[in-house]
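Student: Letter by letter, the chains look like this.
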Amino acid sequence: MNERQRVVELVDITKTFPGVLANDNAHLSVGLAEIHAVVGENGAGKSTLVKILYGMQTPDSGTVRVKGKDVHFRSPKDAIRSGIGMVHQHFMLADNLTVLENIILGAEPTRGIALDLRGARDKILSLCDQYGMKLDPDVLVEELSIGERQRIEIMKVLYRGATILILDEPTAVLVPQEVDDLFVSLRELQAEGVTIIFISHKLDEVLTISDAITVMRAGRTVASVKPGDITARDLAELMVGSDLPTPDTTVSTVTDVVELRIVGLTSLHTDGRVAIEDITFDIHRGEIVGIAGVEGNGQPQLVDTILGVRDAVAGALHLAGKDISGFDTKMRRDEGIGIIPEDRHRQGLLLDSPLWENAMLGHQSKKPFARGIWVDRTGARDITREIVERFDVRTPGVDVNAVALSGGNQQKLIVGKELILDPSVLIAAHPTRGIDVGAQAAVWEELRQARREGMAILLISADLEELIGLSDTLLVLFDGRIVAKLDPADVTPKTLGSHMTGVAVEEEAL
Amino acid sequence: MTAKITSLGAGLMERTGRMSSARKYALLFILGLFVLSLVQLIAGTKQLTAPGTWGAALRLTVPIMLAALGGLYSERSGVINIGLEGMMIAGTWFGAWAGWQYGPWAGIAFGLIGGALFGLIHAIATVTFAVDQIVSGVAINILAAGSMRFLSSALYTADTGGGATQSPRIQGFIGTFNVPLVSEWLGALSDRGWFFISDVAGIGAGMTTRVSWFTLLALVLIPATWWLLWRTVWGLRLRSAGENPWAAESLGVPVLRMKYWGVVISGALAGMGGSYLVVVQAGIYREGMTAGRGFIGLGAMIFGNYSPFGLLAGSGIFGYSDALRLRQDSVHAILLLLAIGLMMFGTYSLFKRNYQGSATQGVFAMLFFIWWFTTDDVPGQIVTATPYIVTLLVLTIASQRLRFPAADGVKYRRGEAH
Chain A
1 MNERQRVVEL
11 VDITKTFPGV
21 LANDNAHLSV
31 GLAEIHAVVG
41 ENGAGKSTLV
51 KILYGMQTPD
61 SGTVRVKGKD
71 VHFRSPKDAI
81 RSGIGMVHQH
91 FMLADNLTVL
101 ENIILGAEPT
111 RGIALDLRGA
121 RDKILSLCDQ
131 YGMKLDPDVL
141 VEELSIGERQ
151 RIEIMKVLYR
161 GATILILDEP
171 TAVLVPQEVD
181 DLFVSLRELQ
191 AEGVTIIFIS
201 HKLDEVLTIS
211 DAITVMRAGR
221 TVASVKPGDI
231 TARDLAELMV
241 GSDLPTPDTT
251 VSTVTDVVEL
261 RIVGLTSLHT
271 DGRVAIEDIT
281 FDIHRGEIVG
291 IAGVEGNGQP
301 QLVDTILGVR
311 DAVAGALHLA
321 GKDISGFDTK
331 MRRDEGIGII
341 PEDRHRQGLL
351 LDSPLWENAM
361 LGHQSKKPFA
371 RGIWVDRTGA
381 RDITREIVER
391 FDVRTPGVDV
401 NAVALSGGNQ
411 QKLIVGKELI
421 LDPSVLIAAH
431 PTRGIDVGAQ
441 AAVWEELRQA
451 RREGMAILLI
461 SADLEELIGL
471 SDTLLVLFDG
481 RIVAKLDPAD
491 VTPKTLGSHM
501 TGVAVEEEAL
Chain B
1001 MTAKITSLGA
1011 GLMERTGRMS
1021 SARKYALLFI
1031 LGLFVLSLVQ
1041 LIAGTKQLTA
1051 PGTWGAALRL
1061 TVPIMLAALG
1071 GLYSERSGVI
1081 NIGLEGMMIA
1091 GTWFGAWAGW
1101 QYGPWAGIAF
1111 GLIGGALFGL
1121 IHAIATVTFA
1131 VDQIVSGVAI
1141 NILAAGSMRF
1151 LSSALYTADT
1161 GGGATQSPRI
1171 QGFIGTFNVP
1181 LVSEWLGALS
1191 DRGWFFISDV
1201 AGIGAGMTTR
1211 VSWFTLLALV
1221 LIPATWWLLW
1231 RTVWGLRLRS
1241 AGENPWAAES
1251 LGVPVLRMKY
1261 WGVVISGALA
1271 GMGGSYLVVV
1281 QAGIYREGMT
1291 AGRGFIGLGA
1301 MIFGNYSPFG
1311 LLAGSGIFGY
1321 SDALRLRQDS
1331 VHAILLLLAI
1341 GLMMFGTYSL
1351 FKRNYQGSAT
1361 QGVFAMLFFI
1371 WWFTTDDVPG
1381 QIVTATPYIV
1391 TLLVLTIASQ
1401 RLRFPAADGV
1411 KYRRGEAH
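In order, the protein sequence lines correspond to chains A and B.
So the first sequence is numbered by the numbering used here: it starts at 1 and just counts up by one.
So the second sequence is numbered by the numbering used here: it starts at 1001 and just counts up by one.
Just to be clear, a hint being listed does not mean it is correct.
[Unchecked claim] The calculated lysine-lysine pairs, modelled on DSBU-like cross-linking and capped at a C-alpha distance of 35 Å, are:
| id | chain 1 | residue 1 | chain 2 | residue 2 |
| --- | --- | --- | --- | --- |
| 1 | B | K1352 | A | K134 |
| 2 | A | K134 | A | K367 |
| 3 | B | K1411 | A | K330 |
| 4 | A | K123 | A | K322 |
| 5 | A | K226 | A | K322 |
| 6 | B | K1411 | A | K77 |
| 7 | A | K330 | B | K1352 |
| 8 | A | K226 | A | K69 |
| 9 | A | K67 | A | K123 |
| 10 | B | K1024 | A | K134 |
| 11 | A | K123 | B | K1024 |
| 12 | B | K1024 | B | K1352 |
[What the hints assert, rightly or not] Derived CB-CB ranges, DEER-like:
| id | chain 1 | residue 1 | chain 2 | residue 2 | range |
| --- | --- | --- | --- | --- | --- |
| 13 | B | F1129 | A | R346 | 21 to 29 Å |
| 14 | B | T1128 | A | A404 | 24 to 32 Å |
| 15 | B | A1164 | A | V139 | 36 to 44 Å |
| 16 | A | A489 | B | T1128 | 56 to 64 Å |
| 17 | A | R74 | B | T1128 | 14 to 22 Å |
| 18 | B | A1224 | A | D129 | 31 to 39 Å |
| 19 | A | I113 | B | L1027 | 30 to 38 Å |
| 20 | B | A1158 | A | R81 | 57 to 65 Å |
| 21 | A | E142 | B | T1375 | 46 to 54 Å |
| 22 | B | G1146 | A | E142 | 42 to 50 Å |
| 23 | A | N401 | B | T1128 | 43 to 51 Å |
| 24 | A | E142 | B | F1034 | 35 to 43 Å |
| 25 | B | Q1356 | A | E386 | 55 to 63 Å |
[Claimed, not checked] Computed, partial: chain A to chain B, Cβ under 7 Å:
| id | residue |
| --- | --- |
| 26 | M92 |
| 27 | L93 |
| 28 | A94 |
| 29 | N96 |
| 30 | L97 |
| 31 | E101 |
| 32 | E108 |
| 33 | G112 |
| 34 | L115 |
| 35 | H269 |
| 36 | G272 |
| 37 | R273 |
| 38 | A275 |
| 39 | A484 |
| 40 | L486 |
Read the hints as simulated data drawn from the structure, not as lab findings.
These numbers come from a predicted model, not from an experiment.
Cβ coordinates follow ideal geometry from the N, Cα and C atoms, glycine included.
Use the sequences and the hints to build the structure in full.
Tutor: Written out as structure tokens, the structure is:
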């Protein structure tokens, strides 16, 4: 492969945030019309590096060169003017604005002093034609799926005439079929001369799509390689710096005692639409039941309905043979249901409270956290110390606020405080989302340990490898219903993906 | 009450920013008028649709509406503005001072500037220094009340007619107009006493006779705001700052500047509402004359689901009930009006499968009906409280449809995007 013209060069970039060295003399060099992957663990500094390129952060030191010229971007506006566009991992869309409004925002065409809505619509539709994308400009973003939202994000960038496209973990939220669609689009963009910088930590995808790879670790660039010269295993080792942990199936510990039986569970959204419908399954002692599904197909509603946060309109729950359908959330928890919530910041922690208060959440009336109506501060601190020790939560003490901990340690605290009182059923919603590989391995090990000891676990995750690796039984949730029951031993991400998108259902119907 | 029904559509209108399904709301409006006629017939009063009532209602609506409109700009840009009351107080004082010195039109201009000044303080506190928006708003209210008292003592006590709590009378007044032909024609029609037709004509006559030019100016601001917020670049950017400032920033929108615009305009409009109280209604500044209208404006805006036409409807309900309070003999009929209005809402809720809401509204409808049937008189306080009762009851069904700006109240700092 001959050397392409360099369009983006980041040299010796250093950036510190209070207490964190995010980039430490990092490098990045990208050729024209290249699909360039930047890989690394969470917290390796990939996002900071591209945010510097996009003008969202200014580097403490280092040089940014675009198309051979030194640039000093002070805001994304400057970057956009240089033809750089970014698609963020968390979509940067306003839900209550239309697709068209989201696309034109910041680059609005005008007629006189009014918006030229018709002109904008024409331009968007012609861009859609050119790249084979489908978008309705006049619907509100809140009504759209994840894949469609990503298309809006890409369209936003194209609309501004970008020739350098930064994609921050674009496949993290997509199912396999959507990933394939995305890759087709990227190839088309590349053919039109667009340069693509692609951040990811999914190595097989990186090896499939990219022309060049930059590996980052702890804020530094540790390697620049070509995909043909390296295997996924070696790449992973570069990234992690040691052996890669994988979730693997161990000896089955599933017993034939049903711990949680769910029969015909149905609940509604506040506007009356069905959220989950006729959900029926059992979790045995020592079993992990995995729930797979694209986000927005009823996963949080299922969790909330099992917990009693959301009322069921039909169906029953039996915990160890006892009907708990009429119980409120606190009673259900007291009966032995534990929860690792989906969003640790919103549902799991009080960020500005000390760890021992956080450990109390959900146990606030139980020993040793409370004595009668009084908080038992000594008891709570002691048991929090025990959690910190047993679950390896790295913290200077139990009186520091939760906000001071890294995501992985926050998650270990949540897992610990749920497991320490030995629930009989544990609901784990995205237990390793957004945490580093080390903490991920620790959480996986805790779940396996709990399973060995006979706990019944419901695992909800967007990480298919995690689901397949940990689950004894795999259920697929689509449009609020369970559409497939699969054996994780003989399922591939591909077949799972087709169930998750409803493709398999449609094929069966034919 | 009629306005209440039309406001149900505000949510839809707001979602797309388009004036769609206007026909549907026109129909609802006519239905509301019909109910009003009917209630009037049953209760044997003429006041519910009398031109005088509706003229007063219009005058009482405008200041609330201006405050609500001010709230709209601020909240759409993502800053909660509980300081509307304080900004309105500033508007009354500055309006009176300039009105006394230079005449009524200067009063309006200075009222606007006075409000904008306090808006600027709110903007500096909340946008630049990320002070909690509620705390800053409350502080603005206290600060405005206190500093106006100070200014009154300093500037009004020395002169004749003024004092520590009131200003001298302003010079002159803003002219009024009758809509040519329409006003007289509707007036004549309303005297005929024909069921429904005369009632509608009475309402029309009330709103077309002796209308202040200031009122017209204020009413024009409603469609103007809609156009500005939904059809211009500036408006799109302002709304984006309130919906998702991180996204807006990533696209190069000057989010902080948009918030400044929103909050300062908010203060200016609230101040203008204050000057209306002075220039059109009282002709003088009296301490406490805003009487919570800033807060009521905030309520009217929420009721109207953060849309200009919705908040007009919300302000209309408050203005209308306020007007009824001033007309003693029609007070009793309001119980029947509440009963029937609630009954209609209850039916609507039932249709929407909101059984709990429907039951609540049904029970309250029955209670009001019994109350109306078994008494001949009600305490005046009930009428004063009517707008609040209506708001609370309507919110029991409307709250599920409310769509406040997604980043309203968020402390936003530059560069914190995820």
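Student: Evaluate each hint against the coordinates.
Tutor: So, going through the hints one by one against the coordinates:
Distance check on the hinted pair: K1352 of chain B and K134 of chain A sit about 34 Å apart at the alpha-carbon level, within 35 Å; holds. A hinted pair counts as satisfied when its Cα atoms are at most 35 Å apart, and K134 of chain A with K367 of chain A does not qualify at roughly 57 Å. Between K1411 of chain B and K330 of chain A, the direct Cα distance comes to roughly 33 Å. Compliance with the 35 Å bound is thereby established for this hinted pair. Distance hint between K123 of chain A and K322 of chain A is unfulfilled; the C-alpha atoms sit about 61 Å from each other, more than 35 Å.
A threshold of 35 Å between alpha carbons decides the hint, and for K226 of chain A with K322 of chain A the separation of about 59 Å lies outside it, so the pair is violated. At roughly 22 Å between alpha-carbon atoms, K1411 of chain B and K77 of chain A fall within 35 Å of each other, so this suggested pair holds. At most 35 Å may separate the alpha-carbon atoms for a hinted pair to count; K330 of chain A and K1352 of chain B meet this at roughly 31 Å. Straight-line distance between C-alpha atoms of K226 of chain A and K69 of chain A comes to about 25 Å, which keeps the hinted pair within the 35 Å bound.
As the CA atoms of K67 of chain A and K123 of chain A are separated by approximately 27 Å, the hinted pair is consistent with the 35 Å bound. Distance restraint check for K1024 of chain B and K134 of chain A: the Cα-Cα separation of roughly 32 Å lies within the 35 Å cut-off, and the hinted pair is therefore satisfied. A C-alpha spacing of about 33 Å is found between K123 of chain A and K1024 of chain B, which places the hinted pair at or below 35 Å, so the restraint holds. For the suggested pair K1024 of chain B and K1352 of chain B, the alpha carbons sit about 17 Å apart, so the restraint of at most 35 Å is met.
One distance hint, 21 to 29 Å for the beta-carbon pair F1129 of chain B and R346 of chain A, holds here, with the actual separation near 26 Å. Distance hint check: the CB atoms of T1128 of chain B and A404 of chain A are about 27 Å apart, consistent with the given range 24 to 32 Å. For the hinted restraint 36 to 44 Å between A1164 of chain B and V139 of chain A, the CB-CB distance of approximately 58 Å leaves it violated. Between A489 of chain A and T1128 of chain B, the C-beta spacing of about 59 Å keeps the proposed range 56 to 64 Å intact.
At about 19 Å, the CB distance of R74 of chain A to T1128 of chain B agrees with the hint of 14 to 22 Å. The hinted window of 31 to 39 Å between A1224 of chain B and D129 of chain A holds, with their beta carbons roughly 37 Å apart. With their beta carbons about 34 Å apart, I113 of chain A and L1027 of chain B fall inside the hinted range of 30 to 38 Å. Between A1158 of chain B and R81 of chain A the Cβ separation comes to about 59 Å, which falls inside the hinted range of 57 to 65 Å.
Taking the beta carbon of each, E142 of chain A and T1375 of chain B are about 48 Å apart, inside 46 to 54 Å as hinted. Range check, G1146 of chain B to E142 of chain A: about 43 Å between beta-carbon atoms, so the 42 to 50 Å window is met. Between N401 of chain A and T1128 of chain B the CB atoms are about 26 Å apart, so this pair departs from the stated range of 43 to 51 Å. The hint said 35 to 43 Å for the Cβ distance between E142 of chain A and F1034 of chain B, and at roughly 36 Å that hint holds.
As the Cβ distance of Q1356 of chain B to E386 of chain A is approximately 45 Å, the hint placing it in 55 to 63 Å is violated. Evaluation of the M92 of chain A hint against chain B yields a held restraint, the C-beta minimum of about 4 Å falling below 7 Å. With a least beta-carbon distance of about 6 Å to chain B, the hint placing L93 of chain A at the interface is held under the 7 Å criterion. Of the supplied interface hints, the one on A94 of chain A holds, with its beta-carbon coming within about 4 Å of a beta-carbon of chain B, less than 7 Å.
Hint status for N96 of chain A relative to chain B: holds, with the closest Cβ pair at about 5 Å, below 7 Å. Below 7 Å, beta-carbon pairs count as interface contacts, and L97 of chain A has one with chain B at about 6 Å; its hint therefore holds. The beta carbon of E101 of chain A comes within 6 Å of a beta carbon in chain B, closer than 7 Å, and the hint placing it at the interface holds. About 4 Å separates the beta-carbon of E108 of chain A from the nearest beta-carbon of chain B, less than 7 Å, and the hint is met.
Violation of the interface hint for G112 of chain A is found here, the shortest Cβ-Cβ separation to chain B being roughly 10 Å, above the 7 Å cut-off. Given hint, L115 of chain A at the interface with chain B, holds; its Cβ is 6 Å from that chain's nearest Cβ, closer than 7 Å. For H269 of chain A, the interface hint is violated, since its Cβ never comes within 7 Å of a Cβ in chain B; the closest pair sits about 11 Å apart. Against a cut-off of 7 Å between C-beta atoms, the interface hint on G272 of chain A holds, since the closest Cβ of chain B lies about 6 Å away.
Taking 7 Å as the C-beta contact cut-off toward chain B, the hint placing R273 of chain A at the interface is violated, the least distance being around 11 Å. Given the 7 Å rule on beta carbons, the hint for A275 of chain A is violated: about 15 Å separates it from the nearest Cβ of chain B. Hint status for A484 of chain A: violated, given a least beta-carbon distance of 32 Å to chain B, over 7 Å. Interface hint at L486 of chain A: violated, since its Cβ lies 34 Å from the closest Cβ of chain B, which is beyond the 7 Å cut-off.
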